[in-house]
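Use these hints to put chain B onto chain A, whose structure you have.
Residue numbers (the numbering used here), protein chains in the order written: chain A, 1 to 286; chain B, 1001 to 1309.
It should be emphasised that the hints constitute simulated quantities derived from the structure, not laboratory data. Cβ atoms here follow ideal geometry from the backbone N, Cα and C, with glycine treated the same way.
Straight-line Cα separation of at most 20 Å, EDC-like style, residue types lysine to aspartate or glutamate; simulated pairs: (1) A:Lys170 - A:Glu152; (2) A:Lys172 - A:Asp135; (3) A:Lys53 - A:Glu261; (4) A:Lys125 - B:Glu1190; (5) B:Lys1205 - A:Glu114; (6) A:Lys195 - B:Glu1190; (7) A:Lys53 - A:Asp254; (8) B:Lys1205 - A:Asp135.
Only some residues are given here: those of chain B computed to face chain A with a beta carbon under 10 Å: (9) Asp1113; (10) Glu1190; (11) Ala1191; (12) Phe1193; (13) Ile1195; (14) His1199; (15) Val1202.
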Amino acid sequence: MTTDLERPTDAATPTIAIRPDRGAATGDEDPAATPAVRFADFHFYYGQFRAVKAVSMSIRSNRITALIGPSGCGKSTLLRSINRMNDLIEGTRVEGLVEFHGENLYAGYVDAVEVRRRIGMVFQKANPFPKSIYDNVAFGPRVNGYKGNMDELVESCLRRAALWNDVKDKLKQSAYALSGGQQQRVCIARAIATKPDVILMDEPCSALDPRSTLQIEELMRELQDDYTIIIVTHNMQQAARASDFTVFMNMADDRAGYIVEQGPTAQVFTNPTNQMTEDYVSGRFG
Amino acid sequence: MASRSATSIVVQGSLRARSRDWGGAVLQVLLILALLFSLATVLVLVFDQLSQALPVFQERGVDFLTSDLSSNPANAGVAQGILGTAIIAVLVSLLAFPLGIATSIYVEEYAPDNRFTRLLVLNIRNLAGVPSVVFGLLGLSVFVAALAAAGVGNGRNLISGALTLTVLVLPIVIITSSEALRAVPSTIREAGFGIGASHWQVVRKLLLPAASSGILTGIVLALSRALGETAPLIVAGAVLGSYSNSGGSPADTLTGPYTALPVIVYDWARRPQAEFRELTAAAIIVLLVVTILANAVAIILRNRAERTW
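The shape of chain A in the complex, shown without the other chains (with noise of 0.2 Å):
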């Protein structure tokens, strides 16, 4: 796939390369199917203090979401109420609703680590096991009491993390013998080799350097075609390149998180409604 980083010849256009519009306008499919993920009028609270409010939105499935705003506004948050990473915080309570395909995540007889084996996570920081690169690939699939041809799973694990060819000497070395890029694509590899429909990525490339960073959008524009995505980034290039929809979130006064404004990526960057969601991407603050 040739790089997407066309660049916009409209003079009034911010210096951001946008990807071509997947979003609203493809028109292969209904938009009115049941979005992978939908928050309606959800709130979060770490004890006593409200960290999201008000949160309403829906994600495509097989489609590239992107999570922006300053620090502190609950992106993480939000995105970590999705697979209820946030239930193993004491004092933690939603309200609200959040679905998934239609089912009410938080109702009574959902068990979490279900949730976690349908919506998978990667990390800020590459988190590895201390264990081979096999076993990582593996472990997730083992504690599902997977039954298959495991070699075939964690090469193809591999093949899709774009990894299998700087490993497949290797696999039963330490994963922190590799670099932090490739240790990131360990951890992606991991995460898809439970077979999630989701995948949620929390500033996956933070910590990467620049080549590793557009190695890992490629990786995920190519995974686009089976799992739904959700990026937390605070790189709004990033979010421009490689996300077909933006979520814009902000602090309030009272410090808790909310919406601002979101919709296709080239729309919210290009010609937004809001004024806030203007200055931000044009770096005026955050």
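Just chain B now, with coordinates in the frame of chain A:
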């Protein structure tokens, strides 16, 4: 050699050390002396005992290791002590380590963070500092009495002895295992949960392997403690003097009178006869060897766990 420019002279002058670091040099010497002193103490003790013990091994050789206790120094041997210490090592390992590690897993991973838990942990830490003879009294009043009431001889046997030492080393195992679990980076826990592992899967497949070298270190410490403790065993009923249990079945060995190497050392050290000086030294050497062997097994296991990553 090129002539030095004015710049070079100034820069070199600023890079050179102002004055010798006398404080640092003195400190280094003191530290080395401290190390040598500690080493020398150990070496002097060991060599002193070794020199006294050598005649015994030279004259009697293996016979010393296979003879039973006796009031006659020419016949006395440490066979029963080796057996007792070995059985204690096995029993304490089987009892204290699983129980201690399970407790630390509960405290670190599953216990709610409330006052009761904090009180529990505080009590465990305090138990680690209780004088060992107190555990002997506990063993006497609880384990020995219970076994006697259940009809297992007079209650003074390897079972009550091992139970007493188990309770003694349990706090050590719990504390060191807890530290080892806490030292595992939280990113590993997070990644494990993120991949859809249940809490127990995260503990068993990620945290325990990552903490294994720390836990094994705790086991080494606990085992050394258990093998060397004398007072609790004496109070809880190990035999001082001599006894006969040879030819008995394994059940007899476990339920009959017993002794252990450190108890023999204590016993023989009190005897007035001059020959027992050498025998005491020989028993000490045997005890040291047994302890080193037991620790070597645990250290090898730990190194294998560390070596992997």
